[in-house]
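Here is what each chain is made of, one letter per residue.
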Amino acid sequence: MGYAVVNGARLAWQQMGEGPDLILLHGVAASRAFWFPAAMALKARFRITLFDLRGHGYSERTASGYASQDIGRDLLGLMDALGIASADIVGHSYGGGAALEAAVLAPSRVGRLALLDTRVQQLQPQMRLQDLGELSPFEIAVLDRAGGPAPLEGETQIGFRFLEAAARQKVAGQEFSGSDDFVPFGEGGGASKTANAWIRLLDETRAREEFCLPGATEVQIGALRVPTLLMYGERSRCWPSARALSRLMPHARLVEIPRAGHFFPLSEPKLTLGYLGAFLESPLELPA
Amino acid sequence: MNSASDRYLQQLSALLKDFTQDWDSATDEPITRETRLFADLSFESIDIIQLIVAIQEEVVKRNVPFDSLLMKEGRYVDDLSVGQIADHLAAQAG
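These protein sequence lines map, in sequence, to chains A and B.
Numbered according to my numbering, the first sequence spans residues 1 to 288.
Numbered according to my numbering, the second sequence spans residues 1 to 94.
None of these hints come from the bench; they were simulated from the model.
All C-beta atoms, glycine included, are put in the ideal place defined by N, C-alpha and C.
Among the clues, some could well be false.
Stated by the list, open to error - Quick list of the computed label-pair ranges, beta carbon to beta carbon:
hint	chain 1	residue 1	chain 2	residue 2	range
1	A	Pro258	B	Ala4	24 to 34 Å
2	B	Lys61	A	Glu256	38 to 48 Å
3	B	Gly94	A	Leu132	49 to 59 Å
4	A	His251	B	Asp67	51 to 61 Å
5	B	Gly94	A	Ala44	52 to 62 Å
6	A	Arg243	B	Asn2	57 to 67 Å
Said to hold, decoys possible - Cross-link-like lysine-lysine pairs, in silico, DSBU-like; alpha carbons within 35 Å at most:
hint	chain 1	residue 1	chain 2	residue 2
7	A	Lys43	B	Lys72
8	B	Lys61	A	Lys270
9	B	Lys17	A	Lys193
10	A	Lys43	B	Lys17
11	A	Lys43	A	Lys270
12	A	Lys193	A	Lys270
13	B	Lys72	A	Lys270
14	A	Lys43	A	Lys193
15	B	Lys72	B	Lys61
16	B	Lys72	A	Lys193
17	A	Lys43	B	Lys61
18	A	Lys193	B	Lys61
19	B	Lys17	B	Lys72
20	B	Lys17	B	Lys61
Unchecked claim - Some residues of chain B that are not near chain A, with every Cβ distance over 12 Å (derived):
hint	residue
21	Ser3
22	Ala4
23	Asp6
24	Gln10
25	Ser13
26	Leu15
27	Leu16
28	Lys17
29	Ser25
30	Ile31
31	Thr32
32	Arg33
33	Gly83
34	Asp87
35	Gly94
Given the sequences, and given the hints that come with them, work out the whole structure.
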């Protein structure tokens, strides 16, 4: 455990286990705690590095540097700081976007790449309310409290808006309950600190705009020769990204987690670890 | 309850005061064996991870496995009392 200053940000990281290097990246509004249960399960086979993305957990909230390409550079910089020449990289959601950018920037440093329910801005630049299909009980509650769907018509980044609304409602003391699924900012009696940190990130930094900046081009993604696993929940809203990635990376294996939503690494840990473990231990053969 | 567990309880109380002092939710209530991290001290999962690292570096000064205390069937436990951690340390580290 320690801190490393990478590209001007003080990042909190920790390592556990022994074996080949494996780095797990969490998504926005989460922290390295997201991957801690999986790391516990995998540490007998890998040396695992977890870190908090800038502006999250115990890492520094900087004024800028939140585009997926910036976070990809943070990953490579942290690898430099920790003396990791190359590693297998797993990213959930936005962390997968950053992992993809790192692979494009420095393909020789990424052994295997696993993207879990990642929406790639370049391939899926918009997500509107009408694109979501059936709403979860959590989303319906957030929407009701926000005054119904009308204020969100025309919104092109609905996922981020839901997170923001949920965080503001959490800080205002409104609780979400009655759902078996993972609920953002819903854990335990706390989570208002994480909700507060998310609001400050949106209000006080350039994160809101930078989260939506496109990264690598389709040509660059298509030119990647890294063994890749794509895992998406059946009820995920990121399928346009999954399909586009599959088209650009025909060598990638695409796995669907039945009945699962965006947070399947938490809601379906055994299934997730089964697929991940098999992929990470498969022979390292570069795609043609 | 035993003397090793009580000794850890005292060390944990001091560590937790220090750990939570800058939080808006910081409380002046004394920390006891029954104090719960999530419900009483406004911990979140990331704080638990950070606390375990601090315990290993500042209290037991070595790696102590926390898996069985933190996880049940691949998921986080709902909450954890300070007494549970003290007992765990006493059992693991002596």
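Against the structure, the hints come out as follows:
1. Restraint check, Pro258/A to Ala4/B: a C-beta distance of roughly 47 Å breaks the suggested window 24 to 34 Å.
2. Look at Lys61/B against Glu256/A: about 46 Å separates their beta carbons, and that is inside 38 to 48 Å.
3. Distance hint check: the CB atoms of Gly94/B and Leu132/A are about 54 Å apart, consistent with the given range 49 to 59 Å.
4. Between His251/A and Asp67/B the Cβ separation comes to about 35 Å, which falls outside the hinted range of 51 to 61 Å.
5. Range check, Gly94/B to Ala44/A: Cβ separation about 24 Å, and the 52 to 62 Å hint is violated.
6. Taken as a hint, the range 57 to 67 Å holds for the pair Arg243/A and Asn2/B, whose Cβ atoms sit roughly 59 Å apart.
7. Of the pairs offered as hints, the one joining Lys43/A and Lys72/B holds, with about 17 Å between alpha carbons and a cut-off of 35 Å not exceeded.
8. Taking the CA atoms of Lys61/B and Lys270/A, the gap is near 32 Å; set against the 35 Å cutoff, the hint holds.
9. A hinted pair counts as satisfied when its Cα atoms are at most 35 Å apart, and Lys17/B with Lys193/A qualifies at roughly 17 Å.
10. For the proposed pair Lys43/A and Lys17/B, the alpha carbon gap of about 31 Å is at most 35 Å, so the pair holds.
11. Annotation: proposed proximity of Lys43/A to Lys270/A holds, straight-line Cα distance about 15 Å (limit 35 Å).
12. Taken as a hint, the Lys193/A and Lys270/A pair is honoured in the structure, with Cα atoms around 29 Å apart against an allowance of 35 Å.
13. Proposed proximity of Lys72/B and Lys270/A is supported: the alpha carbons are some 12 Å apart, at most 35 Å.
14. The straight-line distance between the Cα atoms of Lys43/A and Lys193/A is roughly 29 Å, inside the 35 Å bound, and the hint therefore holds.
15. This hinted pair checks out: Lys72/B and Lys61/B have alpha carbons roughly 26 Å apart, not beyond 35 Å.
16. With a CA separation close to 25 Å, the supplied pair Lys72/B and Lys193/A stays within the 35 Å bound.
17. Distance hint between Lys43/A and Lys61/B is fulfilled; the C-alpha atoms sit about 20 Å from each other, no more than 35 Å.
18. Straight-line distance between C-alpha atoms of Lys193/A and Lys61/B comes to about 28 Å, which keeps the hinted pair within the 35 Å bound.
19. For the hint pairing Lys17/B with Lys72/B, the CA-to-CA distance comes to about 27 Å; that is within 35 Å, so the pair holds.
20. Between the alpha carbons of Lys17/B and Lys61/B the distance comes to roughly 19 Å, so the proposed pair stays at or under 35 Å and holds.
21. Every C-beta of chain A lies more than 12 Å from that of Ser3/B, the closest at about 29 Å, which supports listing it as non-interface.
22. Interface exclusion of Ala4/B from chain A stands, the closest Cβ pair being 25 Å apart, more than 12 Å.
23. Non-interface status of Asp6/B relative to chain A is upheld: no Cβ of that chain comes within 12 Å, the nearest being about 26 Å off.
24. Every C-beta of chain A lies more than 12 Å from that of Gln10/B, the closest at about 23 Å, which supports listing it as non-interface.
25. The Cβ of Ser13/B sits about 19 Å from the closest Cβ of chain A, beyond the 12 Å cut-off, so the non-interface label holds.
26. Interface exclusion of Leu15/B from chain A stands, the closest Cβ pair being 15 Å apart, more than 12 Å.
27. With a least CB separation of 14 Å from chain A, Leu16/B remains clear of the 12 Å interface cut-off, as annotated.
28. For Lys17/B, the requirement that its beta carbon stay farther than 12 Å from each beta carbon of chain A is met, with the minimum near 17 Å.
29. Residue placement check: Ser25/B does not keep its beta carbon more than 12 Å from all beta carbons of chain A (closest about 8 Å).
30. No beta-carbon of chain A is positioned within 12 Å of the beta-carbon of Ile31/B; the least distance is around 16 Å.
31. Listed as outside the interface, Thr32/B is consistent with that label: its C-beta sits roughly 17 Å from the nearest C-beta of chain A, beyond the 12 Å cut-off.
32. With a closest Cβ-Cβ approach of about 19 Å to chain A, Arg33/B is found to remain outside the 12 Å limit, as its non-interface label requires.
33. With a least CB separation of 18 Å from chain A, Gly83/B remains clear of the 12 Å interface cut-off, as annotated.
34. With a least CB separation of 20 Å from chain A, Asp87/B remains clear of the 12 Å interface cut-off, as annotated.
35. With a least beta-carbon separation of about 22 Å from chain A, Gly94/B lies farther than 12 Å from that chain, consistent with its non-interface assignment.
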